[in-house]
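There are 4 protein chains.
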Amino acid sequence: MIVILKPNPDQEQLDALIRWIKGKGLDIDKSEGTSQTILGLIGDTSKIDTDLISALDIVSSVRRVQEPYKKANRNFHPADTVVHVGNACIGGGGFAVLAGPACVESKEQMEGIAALVKECDAAVLGGDGFVTRNSPYAYRGLQEEGISLLVEAGKTAGLPVISEIGHISQLEAFKDVDMFAVGARNMQNYELLRALGQTGKPILLRRGRSATAEELLMSAEYILNEGNPNVVLCESGIRSFNTYTKYTLDLSILPELKLHTHLPVIADPAEACGHYELVPALAAAAAAAGADGILLDVHTDPMNAKSAAGQHLKPETFKKTVAKCKAVHECMKKEA
Amino acid sequence: MIVILKPNPDQEQLDALIRWIKGKGLDIDKSEGTSQTILGLIGDTSKIDTDLISALDIVSSVRRVQEPYKKANRNFHPADTVVHVGNACIGGGGFAVLAGPACVESKEQMEGIAALVKECDAAVLGGDGFVTRNSPYAYRGLQEEGISLLVEAGKTAGLPVISEIGHISQLEAFKDVDMFAVGARNMQNYELLRALGQTGKPILLRRGRSATAEELLMSAEYILNEGNPNVVLCESGIRSFNTYTKYTLDLSILPELKLHTHLPVIADPAEACGHYELVPALAAAAAAAGADGILLDVHTDPMNAKSAAGQHLKPETFKKTVAKCKAVHECMKKEA
Amino acid sequence: MIVILKPNPDQEQLDALIRWIKGKGLDIDKSEGTSQTILGLIGDTSKIDTDLISALDIVSSVRRVQEPYKKANRNFHPADTVVHVGNACIGGGGFAVLAGPACVESKEQMEGIAALVKECDAAVLGGDGFVTRNSPYAYRGLQEEGISLLVEAGKTAGLPVISEIGHISQLEAFKDVDMFAVGARNMQNYELLRALGQTGKPILLRRGRSATAEELLMSAEYILNEGNPNVVLCESGIRSFNTYTKYTLDLSILPELKLHTHLPVIADPAEACGHYELVPALAAAAAAAGADGILLDVHTDPMNAKSAAGQHLKPETFKKTVAKCKAVHECMKKEA
Amino acid sequence: MIVILKPNPDQEQLDALIRWIKGKGLDIDKSEGTSQTILGLIGDTSKIDTDLISALDIVSSVRRVQEPYKKANRNFHPADTVVHVGNACIGGGGFAVLAGPACVESKEQMEGIAALVKECDAAVLGGDGFVTRNSPYAYRGLQEEGISLLVEAGKTAGLPVISEIGHISQLEAFKDVDMFAVGARNMQNYELLRALGQTGKPILLRRGRSATAEELLMSAEYILNEGNPNVVLCESGIRSFNTYTKYTLDLSILPELKLHTHLPVIADPAEACGHYELVPALAAAAAAAGADGILLDVHTDPMNAKSAAGQHLKPETFKKTVAKCKAVHECMKKEA
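Residue numbers (the numbering used here), protein chains in the order written: chain F, 251 to 586; chain L, 251 to 586; chain U, 251 to 586; chain Z, 251 to 586.
Careful: at least some of the hints might be erroneous.
For identical chains, the list gives no copy identity; a pair is met inside one copy or between any two copies.
Heads up, simulated DSS-like pairs for lysine-lysine below, C-alpha to C-alpha not over 27 Å straight-line [stated by the list, open to error]: (1) Lys-583 x Lys-272; (2) Lys-569 x Lys-272; (3) Lys-274 x Lys-405; (4) Lys-405 x Lys-584; (5) Lys-256 x Lys-357; (6) Lys-570 x Lys-297; (7) Lys-556 x Lys-583; (8) Lys-425 x Lys-368; (9) Lys-320 x Lys-368; (10) Lys-280 x Lys-425; (11) Lys-405 x Lys-570; (12) Lys-368 x Lys-274; (13) Lys-405 x Lys-320; (14) Lys-584 x Lys-274; (15) Lys-556 x Lys-272; (16) Lys-280 x Lys-556; (17) Lys-320 x Lys-576.
The hints are simulated quantities; they were obtained by calculation from the structure and are not laboratory data.
The structure presented is a predicted model; accordingly, all values stated were derived computationally and were not measured.
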């Protein structure tokens with residue numbers, strides 16, 4: 251951590267600051283520039299509150315040098331993490347497809363889609379029972395029954411299943427679900443993250459709509475800190491000034507995260523752009539950008555989907571999209 | 251709701267769409283332009299999923315005409331709502347000051363600040379017991395004990411109290427707290443909003459960092475829909491490309507919200523900008539922009555505050571800032 | 251264009267509005283909903299000012315149905331435009347590589363890089379003579395001499411050349427340059443766009459940092475309207491809240507633009523992310539997302555590059571990146 | 251400037267870097283932390299390219315400590331700059347109103363509005379002759395004739411005049427205009443800034459839609475560096491995800507700029523929000539936030555304004571808004 255002082259700091263306040271820092275068990279390296287003095291804090295600064303120091307009258311600004319996340323940090327854990335979900339795995343060089351309808355609607359719907367997803371060698375079957383929408387008047391899904399239908403369809407097809415959990419009180423309903431999805435709205439719902447961390451099960455953690463890369467990794471850190479290493483990060487769109495898509499898919503965060511963390515990273519292009527026509531191109535782009543996998547919304551009858559209808563691929567497009575993603579992923583792995 | 255069709259739509263699909271819409275109990279007004287056909291949907295469209303329709307091959311785009319929020323909508327409830335908190339009230343022409351430290355640290359701290367806050371005629375005393383930070387390693391506050399100290403300090407000073415609730419499991423600890431604050435991270439934690447709605451107590455609902463005005467009102471709608479009309483909206487900064495402040499205070503939303511909703515609206519400049527030096531100017535600006543009140547972080551010893559130290563006003567600046575805000579508020583109310 | 255009226259509009263004002271609209275040669279389709287009345291304006295509304303109408307007391311909002319760009323619009327020009335630059339072409343199914351150093355530094359530098367670029371089958375050689383930086387104290391390039399060195403290097407290598415023009419007064423210096431680049435800062439410098447339009451030469455038009463897709467197409471329209479159809483659009487990063495990259499590469503705009511315009515679209519990942527380590531992944535992602543080509547900064551001695559040093563690929567990485575992009579492009583074109 | 255090295259840097263590369271830095275006339279303070287080494291560069295680093303250093307394999311990141319603007323920097327010029335425009339002045343404790351129609355339409359229009367503006371004690375009369383719109387098909391104003399009408403109306407009313415200049419070629423037409431306005435689109439049109447700097451006349455420099463505070467000050471630096479100290483900065487809205495206003499007025503930049511620069515700062519709420527209904531509240535908020543003045547669009551017949559019709563205040567609202575702004579400004583100046 252670096253503390254940049256204002257010009258000509260009051261000596262008494264400076265002495266007090268230095269005593270305070272040393273009281274935290276840190277050493278100080280003082281560098282006197284021509285116009286500014288800089289204090290370098292040496293030691294473990296992860297528990298120092300930068301706000302505290304920047305509030306001082308003599309301080310111009312404070313900058314962290316070390317990243318505040320530890321367990322998610324590639325520096326301290328260089329090898330890629332591979333997350334196992336049933337027989338499937340995410341990370342470690344493969345390309346995992348997680349697919350299903352946005353929400354579970356019926357036994358027939360799930361069986362049809364599960365068979366299709368299985369046919370395309372997808373890794374995980376998805377579908378939400380507890381549907382969350384901005385409006386209190388919107389469709390809320392089949393709730394517990396939806397989760398049961400998903401689990402059943404997964405068993406029949408021989409696929410592990412994933413579903414979004416919105417609240418700790420739903421944990422019991424998820425007992426046979428193989429992987430939790432945490433929605434973008436809940437990326438900083440730390441009570442939920444802690445509770446999920448304690449289950450030890452794999453967790454897909456979506457990036458919040460205005461979360462920085464560091465904030466996403468700090469949320470992962472909440473889970474890892476509970477002793478659960480099975481975290482998959484998911485870029486699913488940030489809020490920007492663009493209105494031609496629902497959110498803006500930020501593919502740059504894929505290679506960026508790969509530099510900073512050992513956790514697998516996947517993308518959800520449909521959730522980001524909100525429109526099926528853009529999904530095939532963006533899914534392939536995610537594969538090229540280094541994603542460890544992709545989330546795809548697929549429906550045998552998109553027109554009658556009960557949620558997020560516009561995001562679903564039709565079966566034929568789904569098959570082609572999966573094939574393209576895998577081909578691009580292979581292409582990127584080949585020696586040039 | 252308006253459905254704009256692509257040029258030369260397939261007649262069969264168009265007929266199917268028209269049947270589907272009529273099946274929802276809506277009438278249709280069809281307008282044939284020179285290059286495009288538009289369907290106007292007449293009736294209550296609040297439960298129609300725009301995604302469903304925009305997913306159709308023959309549809310170019312879908313636009314809502316009616317606002318999707320009902321109970322928060324000024325059109326259906328023209329008179330300003332006044333929210334009562336203990337003896338204080340927010341909305342209805344006055345200017346309410348809600349103030350306290352970011353977090354409760356000790357009995358002495360709370361007593362000193364409560365006296366100061368009372369002296370300035372503030373309406374509500376605040377302070378968090380359950381402190382939420384991005385890092386799992388950060389200070390988490392005094393928890394239940396913090397809430398008790400807040401409640402006690404409020405009683406001694408004769409002030410109602412507000413504190414941020416992060417999770418339903420904390421409800422019991424908040425039984426003597428007069429007003430709940432919902433943090434920006436929780437603006438779309440609908441389970442929490444529903445549970446708080448059911449308490450009937452006043453709720454301060456902070457805008458999420460990337461929430462639109464409509465999304466904020468839809469979250470208020472979740473609370474109102476539980477039969478609880480006591481919602482105060484709070485602008486506390488949006489995420490923009492600016493890095494010179496922590497978030498960007500969006501004061502335009504104050505007059506904008508006043509046009510669309512009857513609920514009181516206040517601002518939290520310190521939480522938005524993150525730096526005490528900017529707070530006095532922005533607090534006065536919020537008063538000028540039409541805020542029904544203001545949230546201010548104040549501390550008798552900011553340097554040793556345990557959370558958000560850099561956001562706190564010192565007592566002298568706090569007094570002046572409150573006086574300025576009230577003077578500006580009066581100035582705005584006077585006939586020109 | 252659709253005009254949505256406020257509830258219970260004043261009849262006199264409504265009559266005045268209807269007369270005004272009809273005076274513009276438009277027909278009106280009036281649709282009376284249960285709570286709102288909507289006017290559909292039928293005819294060529296491209297010259298109607300939406301501000302004018304939305305300013306009226308009786309109007310709630312105004313929405314365009316037709317896109318305001320005509321010559322850039324795929325609806326009126328379904329076939330892909332192919333832009334020819336010397337012997338190379340951009341658009342029409344191929345994948346064009348435009349490459350060179352950010353700025354021209356010397357004859358030796360340009361010869362070395364030109365040979366490398368030629369060896370990789372790039373389409374166009376680039377390099378700026380007039381360097382534009384945020385600081386008036388920064389290096390401004392070799393100016394006219396830089397352009398001469400670029401032209402000469404292009405001739406020797408047998409490659410057409412592109413360079414960024416910042417001002418009309420530089421036109422004379424660009425007489426032997428094959429393609430103009432317009433920088434993001436100049437996307438809405440309409441005087442410059444008109445002047446370049448009149449030259450008839452190919453133009454690479456970069457998207458402004460906060461330009462919408464529509465604004466970009468309206469800027470293209472300025473050029474097309476001068477009778478110059480040779481416009482290539484370029485996504486080079488938008489400003490978002492992300493700080494881990496210089497700008498945020500918005501690849502979604504590639505498939506989105508392809509739906510709306512017939513003009514070729516390329517991407518500049520290095521300019522967007524600002525860091526060479528992310529470029530290979532993002533370049534391949536752009537190819538997968540449907541780019542007609544890519545701009546790459548390459549330098550034989552990046553450490554001593556005089557501008558944008560951190561964005562340059564080293565020769566070996568450049569070669570691999572070009573090969574990957576072309577392989578991904580081929581992969582996307584294959585039948586599934 | 252601080253250079254943060256990656257862990258275990260290659261010694262040879264480190265020696266080369268140190269030699270390179272010393273070759274630029276800078277001293278180095280090396281600080282060895284437990285996990286990272288930091289180089290503090292001591293001396294004038296304003297001409298060092300941070301990109302150059304961050305491109306090195308051994309460097310993790312580079313951070314500036316000194317601000318890159320010099321002439322605009324309050325540290326080197328503590329006293330507030332006052333800009334004189336005719337008999338009026340902007341900055342120095344007063345509150346200047348700059349007002350007029352968005353565009354000049356006729357002699358009668360300008361005379362009516364000028365009289366109104368004069369009556370309200372405004373400092374400067376505005377109005378554009380060269381109108382710039384996103385569409386090549388939109389109204390472009392009366393051009394030179396518009397400027398003449400503005401100048402004439404100013405003379406009659408005894409008011410200095412301001413108008414937006416879009417291009418150097420218009421300079422001759424502006425010879426009797428007292429103050430240049432530079433539009434948001436042109437904030438980084440450095441050729442224009444240099445040319446205007448050389449005129450020595452007062453310049454209103456609008457912030458670009460996605461410009462940071464530093465970028466705005468660097469653009470001011472371009473003008474100041476030509477020997478022209480008469481720069482007034484203007485916040486007129488940034489692009490954010492908000493769509494309920496045209497742009498988002500960022501009032502926090504007012505007190506922020508006041509900390510960093512001695513130049514006067516004003517706000518243009520109508521240009522930011524795009525809708526007259528929000529202007530009175532936001533104008534007063536700008537005054538409270540510390541603006542040295544305000545730009546207001548006013549029209550005697552807004553419905554028939556030829557440009558930006560929806561942004562204009564009607565005469566009565568204009569008068570009240572000016573009065574409120576001045577009252578709030580006075581209120582802020584009083585001792586608490």
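Next on the checklist: Regarding Lys-405 and Lys-584, is the shortest C-alpha distance of 27 Å or less found within a copy, between copies, in both, or in neither?
Outcome noted: neither (35 Å within a copy, 35 Å between copies)
Checklist entry - Within a copy, between copies, both or neither: where do Lys-569 and Lys-272 come within 27 Å Cα-Cα? => result neither (61 Å within a copy, 34 Å between copies)
Item to check | 27 Å Cα threshold - placement of Lys-583 relative to Lys-556 | outcome: Answer is neither: 38 Å inside a copy and 34 Å across each miss the 27 Å cutoff.
Checklist entry - Using 27 Å as the alpha-carbon threshold, which applies to Lys-368 and Lys-274: within, between, both, or neither? => result neither (56 Å within a copy, 35 Å between copies)
Checklist entry - Is it within, between, both, or neither for Lys-583 and Lys-272, if the alpha carbons may be no more than 27 Å apart? => result neither (49 Å within a copy, 42 Å between copies)
Next on the checklist: Cα distance capped at 27 Å. Does Lys-570 pair with Lys-297 within a copy, between copies, both, or neither?
Outcome noted: neither (49 Å within a copy, 34 Å between copies)
Checklist entry - Within a copy, between copies, both or neither: where do Lys-256 and Lys-357 come within 27 Å Cα-Cα? => result Classified as neither: same-chain Cα gap 67 Å, cross-chain 34 Å, threshold 27 Å.
Next on the checklist: At most 27 Å between CA atoms: does that hold for Lys-405 and Lys-320 within a copy, between copies, both, or neither?
Outcome noted: neither (37 Å within a copy, 43 Å between copies)
Next on the checklist: Regarding Lys-280 and Lys-425, is the shortest C-alpha distance of 27 Å or less found within a copy, between copies, in both, or in neither?
Outcome noted: Classified as neither; 55 Å inside a copy, 50 Å across copies.
Checklist entry - How would you classify Lys-405 and Lys-570 at a CA-CA limit of 27 Å: within, between, both, or neither? => result within (25 Å within a copy, 44 Å between copies)
Checklist entry - What label fits Lys-320 with Lys-576 when the C-alpha limit is 27 Å: within, between, both, or neither? => result neither (32 Å within a copy, 38 Å between copies)
Next on the checklist: Within a copy, between copies, both or neither: which one fits Lys-556 and Lys-272 at a CA-CA cutoff of 27 Å?
Outcome noted: The answer is between: 18 Å across copies meets 27 Å, while 60 Å in one copy does not.
Consistency note: the structure conflicts with the earlier hints numbered 1, 2, 3, 4, 5, 6, 7, 9, 10, 12, 13, 14, 17.
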